[in-house]
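Those protein sequences? They're chains Y and R, same order as listed. FYI, the numbering for the first sequence is 1 to 226, going by this note's numbering. FYI, the numbering for the second sequence is 1 to 171, going by this note's numbering.
One should not assume that every hint holds.
A few chain R positions that, by computed beta-carbon distances, are all more than 12 Å from chain Y [what the hints assert, rightly or not]: (1) Ile37; (2) Val43; (3) Val48; (4) Ala53; (5) Gly54; (6) Glu57; (7) Thr99; (8) Pro115; (9) Gly124; (10) Val144.
A few chain R residues that face chain Y, going by a derived Cβ cut-off under 10 Å, partial list only [to be verified]: (11) Glu74; (12) Glu101; (13) Thr160; (14) Asp166.
To list a few chain R residues with every Cβ distance to chain Y over 12 Å, as calculated [claimed, not checked]: (15) Asp38; (16) Pro42; (17) Leu46; (18) Ser73; (19) Pro100; (20) Leu117; (21) Gln125; (22) Ser128; (23) Arg134; (24) Gly146; (25) His152; (26) Glu167.
No wet-lab data here; the hints were simulated from the structure. We treat Cβ as the ideally placed atom computed from N, Cα and C, and that holds for glycine.
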Amino acid sequence: MEFTLLAAAAIAGAAAYAMLWWEAKHGNAARCTGNLWEAGVVSAVAGIFIGRIVAMLIDGVNPIAHPMDVILVRSGVSTAGASLGALAVFAWLSRKEPITMADGISAAALAGLAGWHAGCLVRGTCLGTASDLPWAMAQTGSDVTRHPVGIYAALILGAAAIGLAWWKAYRRPPAGAPAALAVIAAAGTRLVVEPLQPSISGGPVWFYATGLVVGVTAFVWAIVRR
Amino acid sequence: MTGHRGTLSVVFRIVVTTLLIALASTACSSSEPVEGIDAPTPVTGLEVQDLLAGSPEPIVLNVWASWCTPCRSEAPLISRAASEFGDEVAFVGLDVRDTPEGATAFIGEFFPDAPILHLADSSGQIPSELGGSRGVPLTFFYRVGGELSYLHFGVIDERTLALQIDELVNR
Numbered sequence: 001m002e003f004t005l006l007a008a009a010a011i012a013g014a015a016a017y018a019m020l021w022w023e024a025k026h027g028n029a030a031r032c033t034g035n036l037w038e039a040g041v042v043s044a045v046a047g048i049f050i051g052r053i054v055a056m057l058i059d060g061v062n063p064i065a066h067p068m069d070v071i072l073v074r075s076g077v078s079t080a081g082a083s084l085g086a087l088a089v090f091a092w093l094s095r096k097e098p099i100t101m102a103d104g105i106s107a108a109a110l111a112g113l114a115g116w117h118a119g120c121l122v123r124g125t126c127l128g129t130a131s132d133l134p135w136a137m138a139q140t141g142s143d144v145t146r147h148p149v150g151i152y153a154a155l156i157l158g159a160a161a162i163g164l165a166w167w168k169a170y171r172r173p174p175a176g177a178p179a180a181l182a183v184i185a186a187a188g189t190r191l192v193v194e195p196l197q198p199s200i201s202g203g204p205v206w207f208y209a210t211g212l213v214v215g216v217t218a219f220v221w222a223i224v225r226r
Numbered sequence: 001m002t003g004h005r006g007t008l009s010v011v012f013r014i015v016v017t018t019l020l021i022a023l024a025s026t027a028c029s030s031s032e033p034v035e036g037i038d039a040p041t042p043v044t045g046l047e048v049q050d051l052l053a054g055s056p057e058p059i060v061l062n063v064w065a066s067w068c069t070p071c072r073s074e075a076p077l078i079s080r081a082a083s084e085f086g087d088e089v090a091f092v093g094l095d096v097r098d099t100p101e102g103a104t105a106f107i108g109e110f111f112p113d114a115p116i117l118h119l120a121d122s123s124g125q126i127p128s129e130l131g132g133s134r135g136v137p138l139t140f141f142y143r144v145g146g147e148l149s150y151l152h153f154g155v156i157d158e159r160t161l162a163l164q165i166d167e168l169v170n171r
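Chain Y on its own, in the form it takes in the complex:
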């Protein structure tokens, strides 16, 4: 049971790696593909641990007194803490050419997120709120059909990743625009699917909305700056 998270992480890693490989084949970021993979993996791992520590602090658990709890990521990871932590670590690792690196990893990051959400099939966490739509699904032994919300997120992010990779390969966008679009796609997807997820205390909608605003602002800045 506990290994399903690792399986989902492996699917995410494979999707991100495949995207980097495809982009290298099509002339994108070939010079720094290895650096991108390294920075991406380290940022993701660091982000998960930072997000877990933030979640513990929010729950009132002292991570210094109970450090064993830090590795139990299934108990909860703060989305905002993990995202900001991963971004901070990535920014530090790519401090010599931050915009080039951010653009380089943008499509792979979206592909990785799509793979992570597709991993719900392994984790058994695809289902959301109740729905009567024709494609709604029920869990074993239940007659309540539900939105396959994990699949929605995987499809939206996967399509965004492919579209972004195509744009980078064949249209040569301005510096910073791919990274901004990736932020828009990631935040926008979560904003759309969050109301369809059953939740104990509500997802961080404020964080996704802020991410969307930051992404749009950065995108406009990149276009105008060109």
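Following the hints, complete the assembly by docking chain R onto the known chain Y.
Relative to the frame of chain Y, chain R by itself:
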């Protein structure tokens, strides 16, 4: 692609360092009894089955122990869920193979105000009799009438807990 060895090295160092700190500090953990918190009520398997069958509300039965580190990590989530959904679903905590001192300290730390009925099973046999195992944590979800809707082995995550509570409430 280059840099894989560097990546693995950094990831390996992060994981090993975390594990070493975690293992070194577990020797320092302690539990103290808390004043004003009652120890869980000892029960038999039959009494638990009667409770499950006779409840007018669906039941989330969480099996925990104060010595169980994974139980510590999921306890804040269970507490939040009980506070959020306590009007629609009854929450029961079954403390297994534990001491009254450890149990009250655990309840005082994680469930001081949560609407949870805490029971104790010193033998640790009741979860197995209900279809689970001797391992903790476990979370059982029962429909009204005592029919088992879902059983989760190990630490439960927020999405699974929310979905299974929604299943109980939506039926």
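Now the hints, each set against the structure:
1. Ile37: The claim holds: Ile37/R sits with its nearest Cβ about 16 Å from chain Y, beyond 12 Å.
2. Val43: 27 Å, holds
3. Val48: 22 Å, holds
4. Ala53: Non-interface label stands for Ala53/R: nearest chain Y Cβ at 19 Å, farther than 12 Å.
5. Gly54: Per Cβ check, Gly54/R is outside 12 Å of chain Y; nearest 23 Å; holds.
6. Glu57: Its Cβ never comes within 12 Å of chain Y, the nearest being 18 Å, so this holds.
7. Thr99: Given that every Cβ of chain Y is farther than 12 Å from that of Thr99/R, nearest at about 19 Å, it holds.
8. Pro115: 14 Å, holds
9. Gly124: Non-interface label stands for Gly124/R: nearest chain Y Cβ at 20 Å, farther than 12 Å.
10. Val144: The claim stands: Val144/R keeps its Cβ more than 12 Å from every Cβ of chain Y (closest is about 15 Å).
11. Glu74: 5 Å, holds
12. Glu101: 18 Å, violated
13. Thr160: 6 Å, holds
14. Asp166: 4 Å, holds
15. Asp38: About 21 Å separates Asp38/R from the closest Cβ of chain Y, which puts it past 12 Å; holds.
16. Pro42: Per Cβ check, Pro42/R is outside 12 Å of chain Y; nearest 28 Å; holds.
17. Leu46: 26 Å, holds
18. Ser73: Not fine: 4 Å to the nearest Cβ puts Ser73/R too close to chain Y.
19. Pro100: 22 Å, holds
20. Leu117: 19 Å, holds
21. Gln125: 22 Å, holds
22. Ser128: Holds, because the least Cβ-Cβ distance between Ser128/R and chain Y comes to about 17 Å, which exceeds 12 Å.
23. Arg134: 16 Å, holds
24. Gly146: 15 Å, holds
25. His152: Not fine: 8 Å to the nearest Cβ puts His152/R too close to chain Y.
26. Glu167: 6 Å, violated
In summary, the structure is inconsistent with hints 12, 18, 25, 26 from the numbered list given earlier, while agreeing with the others.
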